[in-house]
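Please assemble the complex out of the two chains, which come individually in their own frames, going by the hints.
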Amino acid sequence: MIDKVVSTMEQAVAELHDGAAIMISGFGDAGSPHELIQAVIDHGATDLTIISNNAGSGETGIAALIKAGRIRKVICSFPRMAASHHFDAAYRAGKLELELVPQGNLAARIQAAGSGLGAVFTPTGYGTQLAEGKETRDIDGRMYVLEYPIHADFALVKARAGDRWGNLVYRKAARNFGPIMAMAAKSTIVQVSEVVPLGALDPEAVVTPGVFVKKLVLASSNAQPAAA
Amino acid sequence: MNMQRLDRNAIARRVARDIPEGAYVNLGIGLPTLVANYLPADRDIFLQSENGLLGMGPAPDEGNIDWDLINAGKQPVTLLTGGCYFHHGDSFTMMRGGHIDICVMGAFQVSVNGDLANWHTGAPDAIPAVGGAMDLAVGARQVFVMMDLQTKAGECKLVRACTYPLTGLACVSRIYSDVGVFSVGPDGARVIEMVEGHSLDDLRAITGLELEIGSER
Numbered sequence: 001m002i003d004k005v006v007s008t009m010e011q012a013v014a015e016l017h018d019g020a021a022i023m024i025s026g027f028g029d030a031g032s033p034h035e036l037i038q039a040v041i042d043h044g045a046t047d048l049t050i051i052s053n054n055a056g057s058g059e060t061g062i063a064a065l066i067k068a069g070r071i072r073k074v075i076c077s078f079p080r081m082a083a084s085h086h087f088d089a090a091y092r093a094g095k096l097e098l099e100l101v102p103q104g105n106l107a108a109r110i111q112a113a114g115s116g117l118g119a120v121f122t123p124t125g126y127g128t129q130l131a132e133g134k135e136t137r138d139i140d141g142r143m144y145v146l147e148y149p150i151h152a153d154f155a156l157v158k159a160r161a162g163d164r165w166g167n168l169v170y171r172k173a174a175r176n177f178g179p180i181m182a183m184a185a186k187s188t189i190v191q192v193s194e195v196v197p198l199g200a201l202d203p204e205a206v207v208t209p210g211v212f213v214k215k216l217v218l219a220s221s222n223a224q225p226a227a228a
Numbered sequence: 001m002n003m004q005r006l007d008r009n010a011i012a013r014r015v016a017r018d019i020p021e022g023a024y025v026n027l028g029i030g031l032p033t034l035v036a037n038y039l040p041a042d043r044d045i046f047l048q049s050e051n052g053l054l055g056m057g058p059a060p061d062e063g064n065i066d067w068d069l070i071n072a073g074k075q076p077v078t079l080l081t082g083g084c085y086f087h088h089g090d091s092f093t094m095m096r097g098g099h100i101d102i103c104v105m106g107a108f109q110v111s112v113n114g115d116l117a118n119w120h121t122g123a124p125d126a127i128p129a130v131g132g133a134m135d136l137a138v139g140a141r142q143v144f145v146m147m148d149l150q151t152k153a154g155e156c157k158l159v160r161a162c163t164y165p166l167t168g169l170a171c172v173s174r175i176y177s178d179v180g181v182f183s184v185g186p187d188g189a190r191v192i193e194m195v196e197g198h199s200l201d202d203l204r205a206i207t208g209l210e211l212e213i214g215s216e217r
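Taken in sequence, the protein lines are chains A and B. Each step along the first sequence adds one to the number in our numbering, with nothing skipped, and position 128 is 128. Each step along the second sequence adds one to the number in our numbering, with nothing skipped, and position 73 is 73.
Pulled out of the complex, with its shape left as it was, chain B reads as follows (with noise of 0.2 Å):
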């Protein structure tokens, strides 16, 4: 199948769409911070990094970095006007005290009832790391997923059940893909959207699911 697909920025493009004015978003580490680049400037969008920073702004220009200012991924960042720093307790409260609106994270897999796995491939020789994707996907009110449909060598990412190592049960509600939007949950998977040349049968044929076309929930 040669089918039209969107690349990174195009998908982060889309997210960005979704996320309304007002909204307290996670941007996980990562493809997820693409994000931040499409966010329109006439939102006020509040976007928080699990190391103390609320209101967080770009990368600074060359001659402005200060390395006691960083994201999640240690890079060099800037801070809004308005915006404030706190300690890794109030951090936490807010991504796990469901104060936080919206996350968005990478991801391994993602099944169709939502469990997520992202942060171990599981192999033997790996080092594992979870930072706070765990907290995350308990957290978030919303986990939006970010990811191409297959990997390189062209599984399907989307699964009736991970087989990875999980992140969290039943959190993810929506993934953003490089050929759709789906939704994901209790009731199983659905297309939101499709990207333009691809078809309902398309996506059947590449996930192997019996998807139907959903509406948003």
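This is chain A alone, in the form it adopts within the complex (with noise of 0.2 Å):
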């Protein structure tokens, strides 16, 4: 019998390691997988890659990662918010690099790692800074940029509802990158609100199949993010 649920955060994120490239989902707070990035600092894996919309606001979450010192790198869209003082802070005394990407692109890359492909000729960020250095191409009169997908190691997720399987739905806009990034990367776990037996989730309605997710674990709160 498969059964993808784990009983406890520290199992949920037991394999991971030093150096690792971990897709988080999220956009800002709504779909930040908080428990189990407190496992990721509990763990104590460091030098790590964090790919995600945002890069931390307040002090949990990714800005809790930050402030323990365990990131690297971050690829994300919008790193500055209104409470993004451990990013900025670690970014501006150069103990963290930032690759700075278009929020489009950065799901584009995200699921041509999912999907298998080589990379993808996209139209946004032509002729900006985001793009120097980059090959480009006329396609039908219109310029394309070159972009290569982002593969993670690990993609933490966070879902409404899973079953053993590791079928998924969301809550309202907390879906955001959730079902691309448990797409591209090799390990996908997710911390779910409610785990319900095969069966109960609509064939219909399920977001994410259970082929893409490999560790289901139970969130201990069910609460909804906090304002930030």
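Bear in mind the hints are in silico, worked out from the structure with no lab data behind them. Don't be surprised by glycine CBs; every beta carbon is placed ideally from N, CA and C. A couple of the hints might just be wrong.
[Stated by the list, open to error] Dumping the calculated EDC-like pairs for lysine to aspartate or glutamate here, alpha-carbon to alpha-carbon at most 20 Å: (1) K95(A) <-> D90(B); (2) K73(A) <-> D125(B); (3) K73(A) <-> D68(B); (4) K172(A) <-> D125(B); (5) K95(A) <-> E35(A); (6) K215(A) <-> D88(A); (7) K172(A) <-> D90(B); (8) K186(A) <-> E135(A); (9) K74(B) <-> E10(A); (10) K172(A) <-> E62(B); (11) K95(A) <-> E62(B).
[Said to hold, decoys possible] Okay, the calculated bits of chain A under chain B, using three or more residues with CB under 8 Å as the criterion: (12) 25-32; (13) 70-80; (14) 122-128; (15) 175-187.
[As the list claims (entries may be wrong)] Over the 10 Å line for every Cβ pair with chain B, so calculated as not near, a few chain A residues: (16) D88; (17) L98; (18) G104; (19) A200.
Right, here's the structure in full:
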């Protein structure tokens, strides 16, 4: 019997290693798997590359990972936020590298990794600083920039509910990067608010099919993210 | 020059007037979110938010805030009846793939041919952040910019060529400002509409450009 549900956060992140590239779902705090991120801090892995839309705010989530000095590089679209002081300080001190990627290119590069594509030609960023040094091509009279996939060893994803085969549904705008990151990483670890029996999720409404999921763990708190 | 200028709400109201029934619209973070307050209730207009909402509604009452339901600026919003959620791949397929009719963004500078600079001041100590601006610039069918025509220091933001780092090339079609509405594009900048009390000479003086009155393109 296949049961992807593990009982502790510690088991969920047991395979993590130094130098890992980790995708983290979320747009701001919505959809950010804060309990899994705390488990990464407790695990001790360091020298990490984090791929996420933002670079943390306040004192929890990615901000806490930065504060703990575990991150070597951040690949994101929007690091500057109201309370991104931990990122700001580490970046200004030269303690972490930033690769700034337009949000749609971030999504496309994650999707390219998940779907086995070698690269994508995207119009986004053409003629700007963020495309400097990159290969370009005229396709049917429009200019495109060659962008390579972003691969990851792990994806940490927050979903509303999942079953033991790893099928997932999300909650409102907390879905954001979760489904595409789940497809892109070698190993996807999901924090859910509810584990449901097989058959409880409407097959027509499953957002992430279980094939993309390695482990699920029940979050101890069902709380929605607090105000930033 | 002491001329009448529209405040940010009046500019937002003016933008809203040009958004037709049935339009799929993305409002950028900051000033453009004000446009939502002036969309007439008798028109079905679909607001898209990059973080996975179509049919975005107004801010909730204090008691109904749900932090899983936010806009691109990470402020709490609501979903209209009939609205839906989707992931980031689908969201940027909408934005980059030409499925959004109009996006409204703020700007540091817009050039007469429609180049847009709105993501980075270029200051060496600034932390850069781009979000979805570059995707909207190339992907929306029409890019409207909403801004005061001058900086607080009095520098004109409609320029011959942008000096700030670019967001997109030749992508803006119209500028809604505190002194008037301009079209920009391959034929240069033209004045579509002037705020009452302004003359063409006033706008030429502010911009330093040989502006002419143009018709809607």
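Just to be careful, I want the Cα atoms of K73(A) and D68(B) compared with a cutoff of 20 Å; is the pair within it? violated (27 Å)
Would you check the hint for K95(A) and D90(B), treating anything up to 20 Å between C-alpha atoms as holding? Roughly 34 Å separates the two Cα atoms, so the pair is violated.
Between K172(A) and D125(B), is the straight-line Cα distance small enough, at 20 Å or below? violated (36 Å)
Quickly compare the C-alpha distance for K172(A) and E62(B) to 20 Å and report which way the hint goes. holds (19 Å)
Verify this label for me: L98(A) is non-interface relative to chain B, using a Cβ-Cβ cutoff of 10 Å. L98(A) not clear of chain B: closest Cβ-Cβ about 8 Å, inside 10 Å.
Pair hint K95(A) and E35(A), alpha-carbon separation not exceeding 20 Å: violated (25 Å)
Could you check that no beta carbon of chain B comes within 10 Å of the beta carbon of D88(A)? At about 6 Å from chain B, D88(A) fails to clear the 10 Å cut-off, so the statement is violated.
Against chain B, does the region 122-128 of chain A show at least 3 residues with beta-carbon separation below 8 Å? It holds, with 7 qualifying residues against the three required.
Within the region 70-80 of chain A, is the number of residues with a Cβ closer than 8 Å to a Cβ of chain B three or more? That given contact holds, which follows from 4 residues of the region 70-80 of chain A lying within Cβ reach (below 8 Å) of chain B.
CA of K172(A) to CA of D90(B), is that 20 Å or under? holds (14 Å)
Quick one, are K95(A) and E62(B) close enough, alpha carbons at most 20 Å? Not OK: K95(A) and E62(B) at ~40 Å, beyond 20 Å, violated.
Status of G104(A), Cβ more than 10 Å from any chain B Cβ: Given that some Cβ of chain B is not farther than 10 Å from that of G104(A), nearest at about 3 Å, it is violated.
Of the hints listed earlier, those the structure fails to meet are numbers 1, 3, 4, 5, 6, 8, 9, 11, 16, 17 and 18, in rising order.
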